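Asker: Residue numbers for the sequence shown follow our numbering, so the first one is 124 and each next one is one higher.
Keep in mind that the hints were calculated from the coordinates and are not lab data.
Watch out, some of these pointers could steer you wrong.
As the list claims (entries may be wrong) - What follows is a list of derived Cβ distance ranges for each label pair:
no., residue 1, residue 2, range
1, 506, 247, 39 to 49 Å
2, 610, 710, 25 to 35 Å
3, 720, 552, 40 to 50 Å
4, 348, 734, 50 to 60 Å
5, 385, 465, 37 to 47 Å
6, 479, 368, 17 to 27 Å
7, 348, 132, 23 to 33 Å
8, 707, 753, 35 to 45 Å
Quick caveat, the model's predicted, so the values are computed rather than measured.
C-beta atoms are modelled at their ideal positions from N, C-alpha and C, and glycine is treated no differently.
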Amino acid sequence: MMMTEVTGGLEGVLCHMDDILVWGQTQDEHDVRLHKVLEKAQKAGITLNMDKCELTRHTVKFLGHVISADGVKPDPEKTRAVQEMDAPKNVSELRSFLGMVNQLGRFLPNLAEKDKVLRDLLSKKNHWYWGTEQQASFDQLKTELSSTPVLALYNPNSALKISADASSFGLGAVLLQKSDARWSPVAYASRSMTPTEQRYAQVEKEALAATWACERFSCFILGRPFELETDHKPLVSLLGGKALDDLPPRIQRFKMRLMRYNYSVNHVPGKSLWTADNLSRAPLRTARAHTDTSLLEDTNIYVDSIISNIPVSGDYLSSLREHLKADSTCSALMEYCTDGWPDKSQLQGALRHYWPDRAVLTVHDGLLLRGTRLVIPFALQGDVLHRLHEGHLGVTKCRGRAKQTVWWPGLSSQLNDMVLKCRTCIQERKNVKEPLIPTEMPDRPWQTLGADLFMLKGKTYLLVVDYFSRYVEIALLSPTRSTDVVVHLKSIFSRHGICEFLKSDNGPQFSGSHFKAFVADYGFVHITSSPKFPQSNGEAERAVQTVKNLLTKASDPYLALLAYRATPLQNGYSPAELLMGRRLRTTVPALPTLLNPVLPDYNVLEAKEREKRGNDAKFFNKRHGARNLEPLVPGEDVWITDARVQGTVLSTHNTPRSYIVQVPQGTLRRNRHHLVPLQTNSGESDADKPLVGENPSVTTSPEPAPPVVTSPSREGPTTETVRTRCGREVRKPLRLDL
């Protein structure tokens, strides 16, 4: 049970945390009230420490005040930091003192007259002179700053704030409380730093000031929320939300000592922290540090255990210590962490790279640390990089491993560079998808066609689709030779006319001499897609999926094809309407007038198609996180992911994102999606080894220019040839046979 609950409702009793004050106007009244407090404490099972009890006193110190029959006065200990402040020795120290006066002395009457002789010394026209008049003004201001109305009486219900600051040799702090929308000082404190503390890094000095200030004013703030002000911005995160195990050892100790307080750290510019700054520059010489020794011992044990449990062997730590001493940069850094950092302008070479992190660099047990991460000297950085990349993890996971234990400037970028250049990783890397290039809508029906082969139920079919209307024609191939493909294309052309452009893959049925002769005779342009990249002939690929679904589910394949050709597309017109200008008669009843020829509105059609293709591209890019890959240049070494072989870019192809690549077996054509650039990396043990594919199957180009690869069809439609005993090939009847 809390003492505030035990003493609640009793007259003449004031309780703050574990401090109890009992008073009375007479001895009898005092004794009666004290007896009630002791009775309640006994019933609640609370034991009081007799050594800390003061009974029948006429003057007591309570919550930083001296209480007596004469009234309430500030505790001299609260104001000693101001009263015993040394006189300023130069303009800079005087300006700091007057800044404190202006900040705290808003209640002082006639302040402008009292500090005039001091303000005159700030003028560049006047020489520095400190005489009896200046000393008298200085003493008067110190006295008035240490008394009411400047110094406020502590109010347990008012908001609190502690401003703390550290100079090169001292600590200063002031406890402020909010009253009438103004912050008034309640107590001051300052002390000199020990020789050891003077060698702390600046961030450690500031953390020491904040910790010491909270412990100094502990009787006021314990159990209450308060603001902790500092002019050192790194402390906001270090003493705020940053995880304890991510802090440097000494900062860990300070934060653990602060864990019993309910504070929030705020950054305040140095020009607004006059009081704490001035107290730190004129500290008391005899003030001692207020530290809980038992808490400090437990804190040191905990921090030492964190360092000793870093996942590194003892032998490696010994080797690391030797390399740190031998490394001129690291040895200089260790001296700076111990003796203090010089100005940035005085740093040379690699030392300048450590300047931004100086606030979190510390030395512990002969090791240089950034937080709890070991700082690695240059001689060991290559070895550590290889250790981080063991298992050939990606950049993010390698950085995650590094953040746990090691650090040096540029580590993140070096890891990124190493992973990108790792030959082993390159062989397994896949490029991201590039933004979709929507197919341009042809100017008229049957202008551009797409052709592809597909297999269904053990049989191979030829599919032809019109890019304008999406009207499809299919034919059974038996066998799957180029001559059979040509025959069926001639049959289709005889019904609908010859197209201007025909797109297909690089299968042998479309790349042989017989097919090339057919292209020349019929006078159309044959465009091949990038090998192993069916997306570049997307219209035909999509039509194959649609037809396969129809024929797999339909009992009558002919009616299924009729239904597809007569069904309106997303643009509102059926494939038959777009190709032939009329609706097809199907098994569904329809008025005869609906079957009359009607030409589509091409302006409306074009607008709808443009919108649809744009939306398709937008959805594709968002779904796959598509982004453009860096273009390749002739002479650049690449790894071909599908062929698993290393090659060199010879030139770009006339189709988008397509390249001609030289490989040991000849030349081939590939889309940028299959090509991963190779980069030299002296840090890799296998950097000088050529990449070796696993039984790559590469088809050489039959023509020197433009070099085009003829590769097996993506669908693999070739069926086994059946022959008689005499060797004659057996041909099945030419029928659709669906």
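Asker: Taking the Cβ atom of residue 506 and the Cβ atom of residue 247, is their distance within the range 39 to 49 Å?
Answerer: Hint violated: Cβ distance 59 Å, outside 39 to 49 Å.
Asker: Could you tell me whether the CB distance from residue 720 to residue 552 stays inside 40 to 50 Å?
Answerer: Cβ of residue 720 to Cβ of residue 552: about 55 Å, so the range 40 to 50 Å is violated.
Asker: A range of 50 to 60 Å was offered for this pair. Does it hold for the Cβ distance of residue 348 and residue 734?
Answerer: 58 Å, holds
Asker: Does 35 to 45 Å hold as the CB distance between residue 707 and residue 753, or does it fail?
Answerer: 49 Å, violated
Asker: Using the Cβ atoms, figure out if residue 610 sits within 25 to 35 Å of residue 710.
Answerer: 31 Å, holds
Asker: Okay, residue 348 versus residue 132 on CB: inside 23 to 33 Å?
Answerer: 26 Å, holds
Asker: Do the Cβ positions of residue 385 and residue 465 conform to the proposed distance bound of 37 to 47 Å?
Answerer: Taking Cβ atoms as reference, residue 385 and residue 465 lie about 38 Å apart, which means the hint holds.
Asker: 17 to 27 Å was suggested as the range; check whether the CB atoms of residue 479 and residue 368 agree with it.
Answerer: Holds, at about 22 Å.
Of the numbered hints listed earlier, those contradicted by the structure are 1, 3, 8.
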